[in-house]
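Residue numbers (my numbering), protein chains in the order written: chain A, 1 to 275; chain B, 1 to 218.
In short, the hints are calculated from the structure, not lab data.
Be a bit skeptical, because a hint or two may be false.
To be verified - Result set (BS3-like, lysine-lysine): computed pairs, CA atoms no more than 25 Å apart in a straight line:
hint	chain 1	residue 1	chain 2	residue 2
1	A	154	B	87
2	B	215	A	182
3	A	182	B	17
4	A	182	A	40
5	A	175	A	145
6	B	160	A	175
7	A	154	A	118
8	B	87	A	182
9	A	215	B	87
10	A	175	B	87
11	A	182	A	215
What the hints assert, rightly or not - Some, not all, of what chain B presents toward chain A, calculated at C-beta under 10 Å:
hint	residue
12	78
13	82
14	83
15	86
16	159
17	163
18	166
19	168
20	175
21	179
22	183
23	184
24	185
25	186
26	187
Stated by the list, open to error - Simulated DEER-style distance windows between Cβ atoms:
hint	chain 1	residue 1	chain 2	residue 2	range
27	B	73	A	239	35 to 45 Å
28	B	75	A	219	18 to 28 Å
29	B	195	A	226	49 to 59 Å
Beta carbons are placed, not taken as given, at the ideal position from N, Cα and C, and that holds for glycine.
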Amino acid sequence: MNIIKKFSLGLLISLFLTISANADKIRIGTEGAYPPWNSKDASGKLIGFEVELAWTLCRYIGQQCEIVEQDWDGMIPALIMRKFDAIMAGMSITAERQKAISFSQGYADEVASLAVMKGSDLEGISTSEGINLTKKTGAVKKDLKTLTSALSGKTVCTQTATIHQNFLESGDVGKVNVRTYKTQDEVNLDLASGRCDVALAAAVAFTDYAEKSGKPVVLVGPTFSGGAFGNGVGVGIRKDDTELLKAFNKAIDKARKNGDISRIATKWFGFDASM
Amino acid sequence: MISSFPKLLNATLITLKLLSVSLVVGLILGILFSIMRINKNPIINKFAYGYSYFFRGTPLLVQIFIIYFGLGQLEFIRSSFLWIFLKEPYWCAIIAFSLNTGAYTSEILRSAFETIKPGLIEAGKSLGIQSKIIFFKIQIPIAIRQSLPAYGNEIILMLKGTSLASTVTLMDLTGVAKYIISTTFKPIEVFIVAGGIYLFLTFLIHNFIKFLEKKYSF
Chain A
1 MNIIKKFSLG
11 LLISLFLTIS
21 ANADKIRIGT
31 EGAYPPWNSK
41 DASGKLIGFE
51 VELAWTLCRY
61 IGQQCEIVEQ
71 DWDGMIPALI
81 MRKFDAIMAG
91 MSITAERQKA
101 ISFSQGYADE
111 VASLAVMKGS
121 DLEGISTSEG
131 INLTKKTGAV
141 KKDLKTLTSA
151 LSGKTVCTQT
161 ATIHQNFLES
171 GDVGKVNVRT
181 YKTQDEVNLD
191 LASGRCDVAL
201 AAAVAFTDYA
211 EKSGKPVVLV
221 GPTFSGGAFG
231 NGVGVGIRKD
241 DTELLKAFNK
251 AIDKARKNGD
261 ISRIATKWFG
271 FDASM
Chain B
1 MISSFPKLLN
11 ATLITLKLLS
21 VSLVVGLILG
31 ILFSIMRINK
41 NPIINKFAYG
51 YSYFFRGTPL
61 LVQIFIIYFG
71 LGQLEFIRSS
81 FLWIFLKEPY
91 WCAIIAFSLN
101 TGAYTSEILR
111 SAFETIKPGL
121 IEAGKSLGIQ
131 SKIIFFKIQI
141 PIAIRQSLPA
151 YGNEIILMLK
161 GTSLASTVTL
171 MDLTGVAKYI
181 ISTTFKPIEV
191 FIVAGGIYLF
201 LTFLIHNFIK
211 FLEKKYSF
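Next up, chain A with everything else stripped away, as it sits in the complex (with noise of 0.2 Å):
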């Protein structure tokens, strides 16, 4: 009876400290599956650009912070749900995820690209550089013709619930036959078996892909920016938690001062990803 006296004790007075521990601590989801953003290394612990930035903002902010990890397409849901206070997952400010959360201002912004296997067809076409969606001049409006039919019959993979799928179901680039992962690592694997003719995601996802697993992917077609691909990444925040919104805003004006987001940036993308 004794035995069960103190155990039932140190259980409760063990709840409350964690309770108590964890009031206090801003808890940040992230996926730990889009590397170089967020991902995991070989012993389970979260690391990449967010991660590190993320430890940075906290100092700036001055509190303690606790990194959380959840699944890409409950991130939201999750968010809304008070698993944790604030996204910071790769997540592309839109405004179709403003309509039920807040973003503070972007931390970092990269292009989103086109990757096939060596060999394909698609590697042969010929698009400007770069696009960005949000003003349609003339020579976009042809891109995104010759990516039409380019794409036509085609199976083209993504992330699901990203700006990548968004774009692809606009209507841009016509009717796509789109099949969607739950993670990038899933849409990498279906793209090097040959199950996915051409696959959409940030650039840097595939240049890390083909890094670390020697396969011949090769980036195709134009970078796409703007419209449909968002105004940047920033740190997702329940609507309500204006004042951690203002403290992440503030954090990150500081971060940009000291160059620690650049730096951050560089170290992990290989290019300065800040802005």
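On the provided structure of chain A, position chain B as indicated by the hints.
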């Protein structure tokens, strides 16, 4: 929210298609393997035992991943005729579901065969009926009737198992529900509707099996 309902109903058709095709294939596999299980040749019955042991002993999700992502990594499979099927997520799901439900069905039927009273078979033998005819006219009908309640359960489990098809890009009921959530950010409402559809399907299956049980009772 209401606009997403037709999308969910459409996806229900895919779920039903996955379920019915894999149940038919699984039933054929189940009958074959249950007959192998009661065969006296040790090689044949060990093989059937190994099959059911493997597919009942590993999670369905792992089986789908091995068939979909695992086999897709092997060069010799990609260059063989098998790739025509394995390339498509639909067929990968069907293969995984059929093999899985086939294993359970074979066990259900095996135990049904074993519960048949020897007297019934002996009665047939004493009338001079060929053992082949005894098997088809006595053993199989009794075994199927005996296994109806357990098989009804298996159908319901399989219905829920099909939700794993969404992990290999198929847009079944669960897949579409997740997709709608990812654009509306309303998980509770959408999952309640999807769950309700599953519940309704289970209700139909349950009553259909009950009807069969009554019809073929003895």
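- Go through the numbered hints given earlier and state which of them the structure violates, listing their numbers in rising order. The structure conflicts with hints 2, 6, 13, 16, 17, 29, although it agrees with all the remaining ones.
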